[in-house]
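Trainee: Given next are the chains, with one letter for each unit.
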Amino acid sequence: MQLTGAEALIKSLEQQGVETVFGLPGGAILPVYDPLLDSSIRHILVRHEQGAGHMAEGYALATGRPGVAIVTSGPGATNIVTPIGNAHMDSTPIVVITGQVATGAIGTDAFQECDITGITMGITKHNFLVQSAQELPRAVAAAFHLATTGRPGPVLIDVPKDVSQSKMDWWYPTTIEEFDLPGYRPEVTLDADAVHRAVQLINQCERPVLYVGGGTLKSRASAELLAFAERTGIPVVTTLMARGAFPDSHELHLGMPGMHGMYSAVTAIQRCDLLISLGARFDDRVTGKVSAFAPGAKIIHVDIDPAEFNKVRFADVAIQGNVAAVLRAWDAFSAQPAPLNSWWKQLRAWQEEFPLAYDEPDLVGPLRPQLVIESIARKAEPGTIVTAGVGQHQMWAAQHWKYEEPGTFINSGGAGTMGFGVPAAIGAKVGRPEKTVWCIDGDGCFQMTAQEMVTARSQGIPIKVAILNNANLGMVRQWQEMFYDERYSQVYLSADLPDYVKWAEAMGCVGLRATNVKEMDDVIDEANRINDVPVVIDFRTDPREKVFPMVAAGASNDDIMTYQSYRDSQ
Amino acid sequence: MTPPEPYLGVTDRTPVRLHILSVLVENKPGVLARIAGLFARRGFNIYSLAVAPAEVDARFSRVTIVVDAESTPLEQIVGQLDKLVNVVAITDLAPKNAVERELLLATIKTDVDDRTSLLDIIADAGAAIIDVDAVSVTLMLAGTPAGCDELEHALSDFSIVELHRTGRVALPRLGKANSAP
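Heads up: the sequence lines are chains A and B, in that order.
Heads up: take any position in the first sequence, counting from 1, add 46, and you land on my numbering.
Heads up: take any position in the second sequence, counting from 1, add 3, and you land on my numbering.
I should point out that these hints are in silico values taken from the structure, not numbers from a laboratory.
Just so you know, these numbers come straight off a predicted model, no measurement behind them.
Just so you know, not all the hints are guaranteed correct.
Claimed, not checked - Computed list of lysine-lysine pairs in DSS-like fashion (alpha-carbon distance at most 27 Å, straight line): (1) A:K391 x A:K344; (2) A:K213 x A:K425; (3) A:K357 x B:K112; (4) B:K31 x B:K86; (5) A:K564 x A:K448; (6) B:K31 x A:K213.
Unchecked claim - Derived coverage of chain B by chain A (criterion: at least 3 residues anywhere in the stretch with Cβ under 8 Å from a Cβ of chain A; other residues may be distant): (7) 32 to 38; (8) 86 to 98.
Said to hold, decoys possible - Label pairs and their calculated CB-CB ranges: (9) B:T75 x A:G462: 21 to 29 Å; (10) A:V234 x B:E58: 24 to 32 Å; (11) B:D152 x A:S611: 53 to 61 Å; (12) B:R44 x A:Q610: 37 to 45 Å; (13) B:H167 x A:A601: 49 to 57 Å; (14) B:G170 x A:H296: 53 to 61 Å; (15) B:N30 x A:P385: 57 to 65 Å.
Ideal placement from N, C-alpha and C gives every residue a C-beta, glycine not left out.
Okay, chain B solo, but in the shape it has when bound (with noise of 0.2 Å):
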């Protein structure tokens, strides 16, 4: 008898059918956990999250979710998050008619002679050096995901000591119709 191989996490960065939903709602005690509680008891899985106080209104925050639409259909993640009663308002957002930017820093441990090959990585993917000391270099990219991954991979020969990244936020593409629900 094999035991069950424990929880190792989801390894693989992009499920199929991601959406974003910007959804804007009252800056309260809780509401967020309102909104994880109920991405968890009804077994939606969220990809990215972001909070932030919304523009309009100090009494609003905007939270950008990327949620997996191919698990869940997009109309049940939906209806299930207005019902919350601080939700004021869901803005979904198709990729295709969203822009969007996410922001990746990484520190790298690198000797001060062996930085040119990291040197080229940063100038190629856009980013920026924020950091520095004798062993390491801390970098930032703001970009695109795809652009977040590509330097991600890029990294992944060199030795990362931390590397984190926001989940993206995200605004409708100027010029397309957008829905909201």
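With the rest of the complex left out, here is chain A (with noise of 0.2 Å):
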């Protein structure tokens, strides 16, 4: 069978089982956007390519299957960067594909060249130049295999123009060999010595700690995690990543660690004498101060990508591997620790001294956002996905409402993009469409993809957007108040400019205002009667409001500051 290089890569792509690809046309992926008329892949057309990126990646992480994007060459690819960057930091399964100029133009400085690969080798897990058509079905074939085993991770797919216009004769890799990657073996066996040791270090251990960040919900280890935590009765902390990994309301969950975590959580790991790592990455925004951080802790470092290994802190004993194996494995050699009652008690103590806390809310306004977010929470559906931007909301969001299954809290972690929200909740609503999807979302964030809440219209996707409005750069204004001497420097935005309301009618959604805490509960009930059209609430939100716990950049977390504590000192 006879195919053009665009036919054949639609129809590599529909081999995969893709159903929805976000994307914009333009004049070097034109001839892919032909065949795409014809085919069963619905295709969400975006305002701008980096929605295209965050929706796709919105998908992956609400699915597990990978999301998939496709912009033209130029600045439709470089558009799209940002999401590959995002979701190369959070290991995030994207396939990206760009149009690029004939092969026999590259490098002449053609209209609308860029060198997309150039540019993206650092922020891929990798990426192909395809320079025949024959070529293209081992590379859609190939990325999707890399974008989705090992370490999951972006891939992008540059297709000259000339390669989509030329024939090609159909055919498709069926077997891993013809994926033509001799380099790359993601499948891994467990160290039978490393998984032995870990046993006896969590056999010996007195005050351990499961420190479980996003390659627990990678590797889908969610039931294996519950299943491990409820026998050994060790305790549980998640990382932002890992929201939902295991149940906030499980007893054994401690909360979230790092920077903004509870108190808990954040204590638990500086004194525990094991920490137990899963899929976890040390990250700054975890560790704190790295010299200062778990000072008396064995470590047992769980991860698929061996580069993580010693890599901020040493490992005792490091096992590749998926996380649900390593489970699996644990548990088949009945690794437990000693009775932790001792253990539990201090936890316990910490947990009852140090809540999660913040202001009582007044009646008149402005609303405090903590409140705004459990509000939301109290009146949606379970398994309902909440989705952030990056900044003060995300951290309230991240805290406040109370995650209970995998793949419920979408935000952007490693790469902290703000303006991520709104494309990501698009993505997950159109890859989980029974579920009622919320944007928590600060109103800098909004103002950078805003553009998209037309395409959720035009599309059919009733997201509902809370734009915690509290007029600044939220996060930014928390450290020039705390750091610099409340010497604020272009955090200001102003709460009417833009006019939410009026923006998000504009675009075809309907848009609310809630001012004080009557009007945010009957705000929050109308969002939720409405199912076909896309919201958008402008909840105004105090903005001396402060994220707490709080850790400071650069400090140990043993210096960590709870809204108590840092009210006392003022």
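Two chains, two separate frames, one set of hints: put the complex together.
Mentor: Following this line, the structure appears as structure tokens:
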């Protein structure tokens, strides 16, 4: 069967089971958009290529299947660089297809030419510049294989225009050998000796903590984690990237560690004698000052990527493998610490003494952002998916919403990409249409990618967006207040400019506003009644509100400031 | 206020702990850029680098990278390098377990009647003259990195027009175990 490269590309995506792609056409990718008309694949036309990338990420994180984005060359390609970098930092499986100028024009500074494989070399798991139409099926199959196996990540396929226009004899690789990836061996055999040494450490410890990272979600190990934690009674902390990997309502769960983590979670790590890291990478937002991090702990480091071992912290035992497989192996050896009664007594005392706290709600307003999130959460169906941008609202969404299942909290962790929330929510809703999807956003973040609300409306993707509008770049404001003597530099945005209600309406969405507690409850109820169009709510929140607990950048986790301790110090 | 010194390059030719990585890579466009980019963005130091088609198969090339394992743990360098999809195999050669050779070419400005001492140095080093004209001599040495260092030092008394070194290539010393992560 003779096909054009473009037809072969679309057919290859169909072979991979792709149901939805996010994209925006342009010159170099034009040939690919023609056969798309005849395909079963749904195309979501975005308003900016960054939106397509974050939607693909949101889709991937909500479904566990790779997200796909298609954009054109030059500016189309550079506009999607931020989502590619974001997916790279958070190990999110996405496949990005970019158009490229014709092979003969490459290197001539042709119109809309850019070296996107060069640009993305350091922020993709791998990328391909396809040289012939005959190679396209291999590139697609290899890209999906790379994106989804081992440590997942973004893969880019750059397709020159003459490649998509020329003819090829249809074929599709069916074996791994045909992918032609001689240097890629993602399958791992567990090191029995390392597993055994880890079991010994677990059996000997007195104050263990399970430090659960995003790799636990990526390896779908929640059931194994629950079983292991319940059998051993070891306390669990879930990082920003792992919220939902272990139920927040579970009595063994201490919450999130790190810069804005729960006091009990942060301090448990500091005082533990065995830290069991499951798919986490000792990020600086978790460790604080590395030399003061968990000073008395032995480390068991489980990761699919051996390059993470000893990168930040020396691992007493390093086990390369899938988190679920490792937990099953430990269960098989009945790894079990001695009774943890006195450790739990200490943990409970910390939980009781330092709960998550904030100022009493004021009935007149402005709103407490934490209360807004708790109120939305209280009125939300179980299993609601939450996405967030980056900043204070993200931290409050991580702290004050209680996550009970995997894939229910989607945010930008490693890269910290403002504007991630809205497009990620759209991608999540497309992937899981049966779920309610709330984007908890900031006013600064919303303004970065708000144009995708037009995409949401035009494509019938009824997400709900809660803007915690404090008229400021709130996290930066918080740092300027606390560490720069209240010298506020370029953080004020205005609560009224833009008018978020009118803006939402102009984009075909329902726009609502709440300035006090009564209105807050009313608009949340109203938003919950609307299921056919997207809703944007402008919650007027207090700009002075700060995220606590907090460990200052570069400080030891021992110097954690809580809401109470900070207020007492003022 | 003193302005910072301009970057003049690293003049110390002998970092404390060199390690040789013999890296088998796919012979595809951009592979060298991927390796160089990885070293640059991770802040790993390359001491020298040599590339040539591999003996086993035309699909592969062999890259011999001499790294400074003092500034970054070797485990990190190997781990990150191994994640490059085009990297097929990495053989970690500790200098004591490897035979290393390097090629040095140098053009020395020298009058015909003033060449005796230079010829002595060339003979001592086991180097060879490969080109001459009335005012200069081009010589070569294929030798150990230390031998090349010595020759380079000896030549520093002469007027060096150009001096090129290839960076070393290495193979496992026979009869020694080498680790292949």
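Trainee: Per the hint of 53 to 61 Å, is the separation of the Cβ atoms of B:D152 and A:S611 within bounds?
Mentor: Distance hint for B:D152, A:S611 holds at roughly 60 Å.
Trainee: Hey, B:K31 versus A:K213, does the alpha-carbon distance stay inside 27 Å?
Mentor: holds, 23 Å
Trainee: Taking a Cβ-Cβ distance under 8 Å as contact, does the region 32 to 38 of chain B have three or more residues in contact with chain A?
Mentor: n = 4 at 8 Å, threshold three: holds.
Trainee: Can you confirm whether chain A covers the region 86 to 98 of chain B, using C-beta to C-beta distances below 8 Å and requiring at least three such residues?
Mentor: holds (count 7)
Trainee: I want to verify a distance hint. Is the separation of the beta carbons of B:H167 and A:A601 within 49 to 57 Å?
Mentor: The hint (49 to 57 Å, Cβ to Cβ) holds, given that B:H167 and A:A601 are roughly 51 Å apart.
Trainee: Within a Cα-Cα threshold of 27 Å, do A:K357 and B:K112 meet the stated pairing?
Mentor: violated, 50 Å
Trainee: Taking 24 to 32 Å as the hint, is the beta-carbon distance of A:V234 and B:E58 inside that range?
Mentor: holds, 30 Å
Trainee: Can you confirm whether the C-alpha distance between B:K31 and B:K86 stays at or below 27 Å?
Mentor: holds, 16 Å
Trainee: The hint says 21 to 29 Å between B:T75 and A:G462; measuring C-beta to C-beta, is that right?
Mentor: About 25 Å separates the Cβ atoms of B:T75 and A:G462, which means 21 to 29 Å holds.
Trainee: Against the 27 Å threshold, does the CA-CA distance of A:K213 and A:K425 hold or violate the hint?
Mentor: Not OK: A:K213 and A:K425 at ~55 Å, beyond 27 Å, violated.
Trainee: Please test the hint of 37 to 45 Å on the beta carbon pair from B:R44 and A:Q610.
Mentor: holds, 42 Å
Trainee: Please verify whether A:K564 and A:K448 have alpha carbons no more than 27 Å apart.
Mentor: holds, 23 Å
Hints 2, 3 from the list above are not met by this structure, while the remaining hints are.
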